[in-house]
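J.: One-letter residues, chain by chain:
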Amino acid sequence: MYQESEIVDLLMVLFLTPIMAVSVRAIHVVGKRWFIAGYLAIASGYVFTIAEGYIAPVLFNTLEHAAYAVGGVCFLAGLVALAHASRVRAESP
Amino acid sequence: MSLVTAIDLVAALAFLGAFAAALAIRSHTRGVGASLKYLLMAGVGLYLFVSVSNVLEHAGITSALDAYEDFAEVLFVPLVAYALYARSTSEQLIAAESAERCARNEHSLLMSVVEATPAGILVANGDGDVSLANDEARRIVGLLQQAMGGESPGADPVLELSAIVRSAPVPGLLVSIGEESARTWISVRAMPLGTEDTDVARAVVVLEDVTERVLTERELEGYRLDLEQLVDRRTGELLEVNRELEEANQSRQRFLANMSHELRTPLNSIIGFTDLLLRELPGPVTYEQRIQLGMVKESSAQLLGLVDDVLELARVESGHGVVTLSEIELGARICALIASMSALAEVRGVRLACDHPDDVVVMTDTDKLGQIVRNLVSNAIKFTDREGSVTVSVVARADAVAIAVADTGIGVAPEDQERIFEAFQQVDSTDRARPQGTGLGLAICRELSELLGYRMIVESTPGEGSTFTLLIPPAELVDRT
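If you read the sequences in order, they're chains Z and G. Here our numbering is used: the first residue of the first sequence is 1, the next is one more, and so on. Here our numbering is used: the first residue of the second sequence is 1001, the next is one more, and so on.
None of these hints come from the bench; they were simulated from the model. A couple of the hints might just be wrong.
Claimed, not checked - Here are a few chain G residues that face chain Z, going by a calculated C-beta distance under 8 Å:
| hint | residue |
| --- | --- |
| 1 | Ala1011 |
| 2 | Ala1024 |
| 3 | Phe1049 |
| 4 | Ala1067 |
| 5 | Tyr1068 |
| 6 | Ala1072 |
| 7 | Val1170 |
Source: prediction; values computed, not measured. All C-beta atoms in this analysis are idealised placements derived from N, C-alpha and C, irrespective of residue type, glycine included.
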C-alpha cells in the first residue's frame, strides 16, 4: 500500500513539473540537460514507489532505487560540468 | 549484498560526488545568482541522505533514518522549483543590468555626438518643451524666440518650436529672421520620435545657421550673372573680330591674286623682251649693253622667283593648299627629280648623288613632296662649295621613311637651326659670290611638310655640312606584297 508522504510527493511532482517546464526553457545553465534528466529520474522514482504497493513490488522497488541511482549519476555529471565551467570562467581574464 | 543494496550504494556514491562537485562551483555573482550553488548542494544533499539511509536499511545495519526520508523527499521538488525561480530571476537581473549599462553607454555616446556636432540638435515635444539640446541648438532657439517676441510682431508662426515639432517630419525648411541688414538664415529639419509609449508627440529638431552659406550662394549667383554678361560681351566682341578677320583674309586673298597678276605679267614681259634684246632680234647690242641686259634678266628672274615663293607660302599658310594623294615609288621619283637638277649642280661644280632602295612605295602628294625635295636640294647646292657633294638618300626605317638631303656645305650654327625655317630668314654669309636666296625656301618646306603631316629635322656642323631629313610616317607606306 502507499504512504501519505508518497502521495504528497507525487502531487507536488505533477503540479510543479509543468510550471517548471515553462521556466526551464528560459534559463541557461551549463549541464542543464543532465539536471533535467536527474530530476525526471527522481520524479519517476516517486511513481515507482507508489506502484510497488499495488503490482510487482520487487520489480518496482528495484526500479525506484535504480531511478534514484540514475538521478544521482545525472546530477553528478551536471554538477561536474557546472563546476568546471565556473572554474574556467573564474580563471579567464 | 542484494541488488537493491548495490544500487543504493551506487546512488549514495553518485550523490556524494555530486555534492562535492556542487561545493567546488565558483560563484562569480552575488545575491540571488550565488544562491544557485547552495540550492544545488541542498537538493543533492537531501538525496545523499536518502540514499545513505537506504543503504543502511537494506544492508540491515539500521532503519533509524528511514523515518526522516519522507521529509527529505517532500522537500526536494519545492527546492528544485525555487532553484529554477532563483536562476531565472538572476538571469533577468543580469540582463537588466547589462541593458542599463548599454543604454547608459549609448546615451553617453549620443550626448558626445550631439555636443560635438556643429549643427543645433534638440528633442522637444508638441508643447515646445525641450528635453535635450546642445549649445548651438540653445543659441538658435534663443534667436527664434527673440524673432517671435515683440521685436518682430509679423514674424512667421512657423518659427515656433511647438509648430515645428507638430509639423514633423520637416525635410528641410529655410527660414530667415532679423532685420534686412543683419538677417540670419536658419535651416530647420525635424524627424518625429516614436510615440508608442507616450501620448505626447516628440521630435528631433536639427537647426543649422546657414547664413554664411546663403550669403555665399547669393554672392556666387551675382558672380555667375556677371560672368554670363561678360561672356556674352566677349562673345560679341569675338564674333566682331572674327568677322573683321574674315574680311581681312578675303582682302588678303584678293591682294595676293592681284599681286600674282600685276607683278608676274610685267616681270614676264621684262624677261621676255630682255631675252629678245639679248638675242639681238630688234638690232645689235654692244658688249656693255649685253652685260647690263644680262643683269636685268637675272634680277627679273630673281624677282619672279621671289613673287612665286611669296605666293606659294601665302597659299600654304592660308590653308588653301589642297593635298592630292597618289601612290609613288619614292626612290625612283626622287632620283628623277635629282636628275632634273643636275645641270644646276654642274654649274656650281657640286657632285649630286642619289641613293635609294627599290621597294619603297608611299601614298603622298607628288607635287608637294617634289617641291620640298627640290627646295632642299637647291639650298644644299647653293650653300656647298665647288668640289663639294650633295647626296639624297631614301631610307625605310621602322619608325618612318626618311628622305635625307646631306651636303658638305657651310653648315648652320646650332642657334640658327630653328630660325632658318622662318620666312625671310637666312644664314649670314660673307661669301659675296654665293647666290642670295629669298629666305623663303625652308619656310615653304616646313609649311608643306606640316600640311602633309610629315616632320622635318636638321643636323648640321658649321664648316662641315648639313643634313635635312624629311620623316614620312609609316602609315603612308604602301605594302605591295
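J.: Confirm or reject each hint.
T.: Evaluation of the provided hints:
no.	hint	verdict
1	Ala1011	holds, 4 Å
2	Ala1024	holds, 4 Å
3	Phe1049	violated, 12 Å
4	Ala1067	violated, 10 Å
5	Tyr1068	violated, 11 Å
6	Ala1072	violated, 10 Å
7	Val1170	violated, 44 Å
Checked against the numbered hints above, the structure breaks hints 3, 4, 5, 6 and 7 and satisfies the rest.
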